[in-house]
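K.L.:
Residue numbers (my numbering), protein chains in the order written: chain A, 1058 to 1474; chain B, 1058 to 1474.
One or more of the hints may lead you astray.
Note that identical chains are pooled: a pair holds if it fits in a single copy or bridges any two copies.
Taking lysine-lysine pairs in the DSSO-like style, the calculated list, with each CA pair at most 27 Å apart, reads [to be verified]:
(1) LYS1469 to LYS1140
(2) LYS1308 to LYS1142
(3) LYS1469 to LYS1263
(4) LYS1345 to LYS1469
(5) LYS1183 to LYS1140
(6) LYS1062 to LYS1471
(7) LYS1292 to LYS1142
(8) LYS1140 to LYS1349
(9) LYS1423 to LYS1292
(10) LYS1183 to LYS1117
(11) LYS1159 to LYS1287
(12) LYS1471 to LYS1292
Think of the hints as simulated: they come from the structure by calculation, not from any bench. Since we're looking at a predicted model, the values are computed, not measured.
Number of protein chains: 2
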Amino acid sequence: MSALKGACIIAQSGGPTSVINASAYGCIKTALENENITAVYGSLNGIKGVLNDNLIDMSKEDPAELALMKYTPSSILGSCRYKLKDASVDDTDYKCILETFKKYGVRYFFYNGGNDSMDTCNKISKYMLEHDYDCRVMGIPKTIDNDLAGTDHCPGYPSAAKYIATSMMEIYHDARVYDIGTITVVEIMGRNAGWLTAAAALATEKGCGPDLIYCPENAFEVDAFVERVKGIYEKEGKCIIAVSEGIRDGKGKYISEYGNDLSNAKDGFGHAQLGGLAAYLAGVLKAKTDAKVRGIELSLLQRCAAHCASQTDIEESFNAGRIAVEKAVEGMTDRMVGYLRSSDENGNYVCEYGVFDLTGVANTEKKIPADWFNETKDGLNEKYIAYALPLIQGETQMVKEDGLPRFTRLKKIKPTV
Amino acid sequence: MSALKGACIIAQSGGPTSVINASAYGCIKTALENENITAVYGSLNGIKGVLNDNLIDMSKEDPAELALMKYTPSSILGSCRYKLKDASVDDTDYKCILETFKKYGVRYFFYNGGNDSMDTCNKISKYMLEHDYDCRVMGIPKTIDNDLAGTDHCPGYPSAAKYIATSMMEIYHDARVYDIGTITVVEIMGRNAGWLTAAAALATEKGCGPDLIYCPENAFEVDAFVERVKGIYEKEGKCIIAVSEGIRDGKGKYISEYGNDLSNAKDGFGHAQLGGLAAYLAGVLKAKTDAKVRGIELSLLQRCAAHCASQTDIEESFNAGRIAVEKAVEGMTDRMVGYLRSSDENGNYVCEYGVFDLTGVANTEKKIPADWFNETKDGLNEKYIAYALPLIQGETQMVKEDGLPRFTRLKKIKPTV
């Protein structure tokens, strides 16, 4: 394909990660420097910014502030959870998107988000193709959940994993300090895939992590769990457990639903809102043992603790954004950038970049392979460790000011079109 | 006083901090190098190790592993919450302590802990004096609560403050990412003094912190709070609130007690176990607004997140341990080492080291001065910022291995006495 000249829009969507802005920066910086891209717009609050004509002109930002995006957590352009209807059912949104694209001369659209965002990319790409509007659409993945199909791992996961493993090592030291018996239950994010919870195994590998790790990939039975904890507690006087918020019993019912008066709130995509599992399991263990039992939720710091980000993740995420622009300018469309695991001549981890069909990526969820768990399904084995360890290497080069993070401050100036 | 030759014991007590081991290392290293100190013993699980003859020989440890103590959170010698009875009521424990001291030729006792530990120091010191046993007793403070009298600030507080301020800045970015209205309530530790919660003001000072900060120093009225939050939420579409777990109403009742079926568990010192406040306030706000409301507990990572420790705190804590040994060898006893704030010729913060009477320190709690709060008592003013900012400077020099903290591993070998 030949060079396509025009403006580009970058938008961010879904839940925050520590490095989603590193990807956006890789995209913005590369686009600003590319001669085929005539203007670089940021869409505020994901696709909603396109729908509401709420764009900002990235060329008006101070380059030094843009550079700080690499180390600033959460979506600096704002996010949304907005699911486009199928165009065959209701094409109102698509008409509106096309109108905005035409108004600003947009020929490149980059969407930086998770599964749902890749679905949005795919729908927009197909609509533009059907309406003979030449626009190249590329997905730049992000999700701490690490559940996107195709790519070896997802931008954002390594930093969340590093934070979880580090925090578990620190909690281990804290939880074992007294000579009285203690049981600690740590609840970790992850609705359907256990990748985040599995990261606790990196702490165990270092000799200071949880005794037991439970992921949603395996059915969780409360009675068997209590017996397993009691066995360790009676022998060691202590037990630390990492559980994924999404663990379910054999019937597929969330364990958290058993003990919690869950508000039946659903998020914009119809997912149940989970939580309170650690407190529930702590209550069960309190009733069944004489231990001091503590339930801890790592909560949203898992996804935004940029101060503990993996520099490997930051650099890879930046490159994912850069490559999305490069591939689009080369002529590619309707693809998601992803990672391919490779190694150098010494067998050391190397990340290569590839592209994946959006159709295959959207709305599928990659789980932990069954043979990465131990036999009793309450821990991860060396296959997971070998997978995860290279990803968490390197400390963030975050700029500090007065001993605190210096996060980016954008002016967010509207384009004069 | 003349040189006193003999062995020393170092023990740690109370809740963990990120830097309590930095103090212990300062004490152990200095003692190992001092010619008047003939042996250096660690007492496992605080004073209980002395009572149960459960000591370890610090000279048997690898010096490189000892050096890693500086960056290892929580009490590496183990902790306890054990309150000595008054000797006049029951002197059993004191007799036992004296017996252990005699058995090992102990002439120096260093206790590294909070208010309760300073009380223990004071009692032991008095007993030894009354029984003509020449033993120098020094307290090495630690408490994230920052509530010890006399000292300008407490070892451990700056690191907790740095973690809280950093996390609040990250939560701010996370909580403001969607364009739908959100209210976020973050619960921070602190039973009677608001020092930890106040640290959230450092994030506000940097432009990304909570809108409202509530400390136990000021009475908290739920109705007024709801109105204040609603006012901000209606104007901004967002509101972030930091609350101390220990906030109470005008009648002195903990706010957390209103909404929680608090287990009536008390810790070893008769303090009520608090918690669940964020969830309670989130529930109240959900009922009174149309916002998406989230309650977050920073939980015990506040006190053990060594990966985000203040290097200033680490160095000062190390020096506190060092100076305890030096002063004791010089002849001092029955004192706590503490900090005096000073400044250099350019007006920059300098920490000087002093000693304080244990009697004045034990069982008193230093609160935030009333004039460090804003007029509406829902924020801190520039006096707090000027106080706290120098303390959180400098990034930890923690050793990493495979992208994770390399914490110390002690052999804990019993002495051959």
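K.L.:
Which hints, by number, does the structure contradict?
P.N.:
2, 4, 7, 9, 10, 11
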